[in-house]
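Number of protein chains: 2
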Amino acid sequence: MQVITSKDNPNVKRISKLTRRDQAKKEGLIYLEGTRLCEEALSRGLTPVEVIVSESRTGWAASFTPGIEPLVLSENVFTKISQTVNPQGVAIVIKEPESSDDFPSKGDGKDVYVVLENTQDPGNLGTIIRMADAFGLTAVIVSPTTCDPYNDKVIRATMGSIWHIPVVRKTMDECFAFFNGNGIETVATHLKGNDLGSGDLKLPCAYFIGNEGDGLTDATTGKCGKLIRIPMKGRAESLNAAVAASVIGYELSKLI
Amino acid sequence: MQVITSKDNPNVKRISKLTRRDQAKKEGLIYLEGTRLCEEALSRGLTPVEVIVSESRTGWAASFTPGIEPLVLSENVFTKISQTVNPQGVAIVIKEPESSDDFPSKGDGKDVYVVLENTQDPGNLGTIIRMADAFGLTAVIVSPTTCDPYNDKVIRATMGSIWHIPVVRKTMDECFAFFNGNGIETVATHLKGNDLGSGDLKLPCAYFIGNEGDGLTDATTGKCGKLIRIPMKGRAESLNAAVAASVIGYELSKLI
Chain A
1 MQVITSKDNP
11 NVKRISKLTR
21 RDQAKKEGLI
31 YLEGTRLCEE
41 ALSRGLTPVE
51 VIVSESRTGW
61 AASFTPGIEP
71 LVLSENVFTK
81 ISQTVNPQGV
91 AIVIKEPESS
101 DDFPSKGDGK
111 DVYVVLENTQ
121 DPGNLGTIIR
131 MADAFGLTAV
141 IVSPTTCDPY
151 NDKVIRATMG
161 SIWHIPVVRK
171 TMDECFAFFN
181 GNGIETVATH
191 LKGNDLGSGD
201 LKLPCAYFIG
211 NEGDGLTDAT
221 TGKCGKLIRI
231 PMKGRAESLN
241 AAVAASVIGY
251 ELSKLI
Chain Y
1 MQVITSKDNP
11 NVKRISKLTR
21 RDQAKKEGLI
31 YLEGTRLCEE
41 ALSRGLTPVE
51 VIVSESRTGW
61 AASFTPGIEP
71 LVLSENVFTK
81 ISQTVNPQGV
91 AIVIKEPESS
101 DDFPSKGDGK
111 DVYVVLENTQ
121 DPGNLGTIIR
131 MADAFGLTAV
141 IVSPTTCDPY
151 NDKVIRATMG
161 SIWHIPVVRK
171 TMDECFAFFN
181 GNGIETVATH
191 LKGNDLGSGD
201 LKLPCAYFIG
211 NEGDGLTDAT
221 TGKCGKLIRI
231 PMKGRAESLN
241 AAVAASVIGY
251 ELSKLI
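If you're matching them up, the sequences are chains A and Y in order. For the first sequence, position 176 matches number 176 in my numbering, and the numbering has no gaps at all. For the second sequence, position 192 matches number 192 in my numbering, and the numbering has no gaps at all.
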């Protein structure tokens, strides 16, 4: 077993570059670090293009990525490239899942899409992906301005769901062309809408969630076929974007 | 108008100390900075014990805190004590709302309490407080180990709701003594529970949400009178704590 002890080793330099999300993204790759994050991706059957372990964690590589020659770093060098406060000595590099040209469909006429227009908070995006996976929605559609789904904070917040449910980047124009062309009801939240839970919604359905501060753009709201309102009997006038997406996802999942 | 230009001024030293949450907490105070945070608290009628502005923001103090002599700092000194990346030159110090010995009640027999046992993420706590305010719940009860509700991140995430809805710190023993003694149904989420939304719940009611990683303790679950399950038709096995709290809060608010 060859242990790399210098941070100037070309392999170390290459991996170190990939730990920066902007660099990995350019190459269509994702750097994952830590046992939970790595094992979640591996348990989904994703094959790493690279396995990196510290000297003391070669046993992990033998168990979780058999057949792949790991890059073994001294504890010191691993700590130097690590992006975490308490390095666990375990990292993998995987390819970004390909974003298909088509919209995913379950083919049972009960599709539910949650469409995010300009979601900015990684925690919110991750929480919505996790919720969509839990409630059995078909896919999470993200606008070009929504934050990167393979951002480390997003991946952590999904608790593995990022590898289960399709997350597809589409423009609002592409969304309306597909939904309108396929008889899929489009829904926006609006104060003038009917109450969520009043039996107004039917599947297949796509619902739109806007930016944390600004909500949905008027352009998108105007194109939606139906407006709904989340009943709020208290004083706050709005909900966190992930909470709003979740409450609607919960109601719609009753129809699946 | 006297402008303080030295960071060694005793008043600046005193305020600078209060910008650290642990120090402010010891004195039963809360330091709020930035126009949104300050104006939210002031619009709720809270009277600051101290107003701090930069030289260029004395107009803000005149408009929002008339009758209170502000501490005016040079831009430079304000920036030095500021806790934000882009200082807005506006801060206030308020007293921590007193945590009453009694449990709050609306007195209409329709109380709903969300009880948080060991919630650790400030974003989750803030999101739950905001949700509880929006859905008209009675109060948010936090265990002694739940994170500080007056932590800056929590306050920001509540979007002002922290000043609207009572947030009360109680032990689990105090909770069960009060709920059981007053005919308030106690509810825990559990895989073996009945489905949420099946008409099983009635008011008044208190529902318990556990720690992000570990869920509710067995001790607390065991003391609850009813178990419910959030139906999940997908693959993820659990929801983010704030999402779970919100979906249950949404269902219960239908009964309010």
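The reader is advised that the hints may include incorrect statements.
Unchecked claim - Okay, derived cross-link-like pairs now, BS3-like style, lysine-lysine, Cα gap no bigger than 25 Å in a straight line: (1) Lys202(Y) to Lys254(A); (2) Lys254(Y) to Lys192(A); (3) Lys153(Y) to Lys17(Y); (4) Lys254(Y) to Lys226(A); (5) Lys233(A) to Lys110(Y); (6) Lys80(A) to Lys153(A); (7) Lys254(A) to Lys192(Y); (8) Lys170(Y) to Lys25(Y); (9) Lys233(A) to Lys170(A); (10) Lys110(A) to Lys233(A); (11) Lys202(Y) to Lys233(A); (12) Lys95(A) to Lys110(A); (13) Lys170(A) to Lys26(A); (14) Lys202(A) to Lys106(Y); (15) Lys170(Y) to Lys110(Y); (16) Lys80(Y) to Lys95(Y); (17) Lys202(A) to Lys233(Y); (18) Lys170(A) to Lys95(A); (19) Lys106(Y) to Lys254(Y); (20) Lys26(Y) to Lys13(Y); (21) Lys254(A) to Lys106(Y); (22) Lys223(A) to Lys170(A); (23) Lys233(A) to Lys254(Y); (24) Lys223(A) to Lys202(A); (25) Lys13(Y) to Lys25(Y); (26) Lys233(A) to Lys106(Y); (27) Lys110(A) to Lys233(Y); (28) Lys25(Y) to Lys7(Y); (29) Lys202(A) to Lys170(A); (30) Lys106(A) to Lys26(A); (31) Lys254(A) to Lys13(Y); (32) Lys153(A) to Lys17(A); (33) Lys26(Y) to Lys110(Y); (34) Lys26(A) to Lys13(A); (35) Lys106(A) to Lys153(Y); (36) Lys153(A) to Lys153(Y); (37) Lys26(Y) to Lys170(Y); (38) Lys254(A) to Lys95(Y); (39) Lys254(Y) to Lys202(Y); (40) Lys110(A) to Lys226(A).
If you are wondering where the hints come from, they were derived from the structure by calculation, not from laboratory data. Predicted, not measured: the structure shown is a model, and the values here were computed from it.
task = Run the structure past the numbered hints and jot down the numbers of the failing ones, going up.
result = 9, 10, 12, 14, 21, 30, 31, 33, 35, 38
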